[in-house]
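Peer 1: Each chain, written out:
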Amino acid sequence: SQTIHQWPATLVQPVGSPLSLECTVEGTSNPNLYWYRQAAGRGLQLLFYSVGIGQISSEVPQNLSASRPQDRQFILSSKKLLLSDSGFYLCAWNRVETQYFGPGTRLLVL
Amino acid sequence: KNEVEQSPQNLTAQEGEFITINCSYSVGISALHWLQQHPGGGIVSLFMLSSGKKKHGRLIATINIQEKHSSLHITASHPRDSAVYICAASIRGGGADGLTFGKGTHLIIQP
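As given, the protein sequences belong to chains L and A, one line each in that order. Each residue of the first sequence is one higher than the last, beginning at 1025 in my numbering. Each residue of the second sequence is one higher than the last, beginning at 10 in my numbering.
Chain L with its partners taken away, still in its complex shape (with noise of 0.2 angstroms):
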């Protein structure tokens, strides 16, 4: 069966600070690969994909940036974080059309 892994659960890190979220995928081979965020009072947003090890798309310009160094791991950075870095960060895969989530990370930078 396939399984997706996140972690942290949870982050409190201080303006400035860095920034590793990771993810990682069991069961499947070569998925697509998406980190989303959850601001709060907002919908979620697709923030990075990836279709393959080192390749990777951004939907918007942000503070944060996203890695694929093996093929069921990806990785959501930043070097300094900001405060309207906080939120909650899914990850989530693709097989036949319909996505499968993490359990998130939930983010808050003060």
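Hints listed in this document are in silico derivations from the structure and should not be mistaken for laboratory results. Bear in mind the structure is a predicted one, so any value in this text is a computation, not a measurement.
Facing chain A, according to a computed beta carbon distance under 8 angstroms, are these residues of chain L, among others:
1. ASN1056
2. TYR1058
3. LEU1068
4. THR1122
Residues from chain A shown here face chain L by an in silico Cβ test under 8 angstroms; the list is partial:
5. HIS42
6. GLY50
7. GLY51
8. ILE52
9. SER54
10. MET57
11. ILE95
12. ASP106
13. GLY107
14. LEU108
15. PHE110
16. GLY111
17. LYS112
18. GLY113
Beyond 10 angstroms from chain L on every Cβ pair, some chain A residues (computed):
19. ALA22
20. GLU24
21. GLU26
22. SER35
23. SER60
24. SER80
25. HIS87
26. PRO120
Positions of the beta carbon are idealized from the N, C-alpha and C atoms, including for glycine.
With the hints as your guide, set chain A onto chain L.
Peer 2: Below, chain A alone, put in the same frame as chain L:
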């Protein structure tokens, strides 16, 4: 204007009522998704539609491609159905089936 619009934003109903949540979109899509988000934040995919109607238990999802409209129905609603229901579209020509989301409908079913 958002490409995906949902209504109502909030809905409170009594247990047993028939629930309808509506979604309209303004662009060409390859698929329309209905998702359920529980208070802890976890998201579950309920349906993926490209045409017609799908049913799973007490949940029914329909889509009218010509009218660019989809509905999610819950029959015999129960308090455990309380959640945020989100409509999302795979935009035709968009990023590898990445989703564009409505703002969600916060549903509360009272016993």
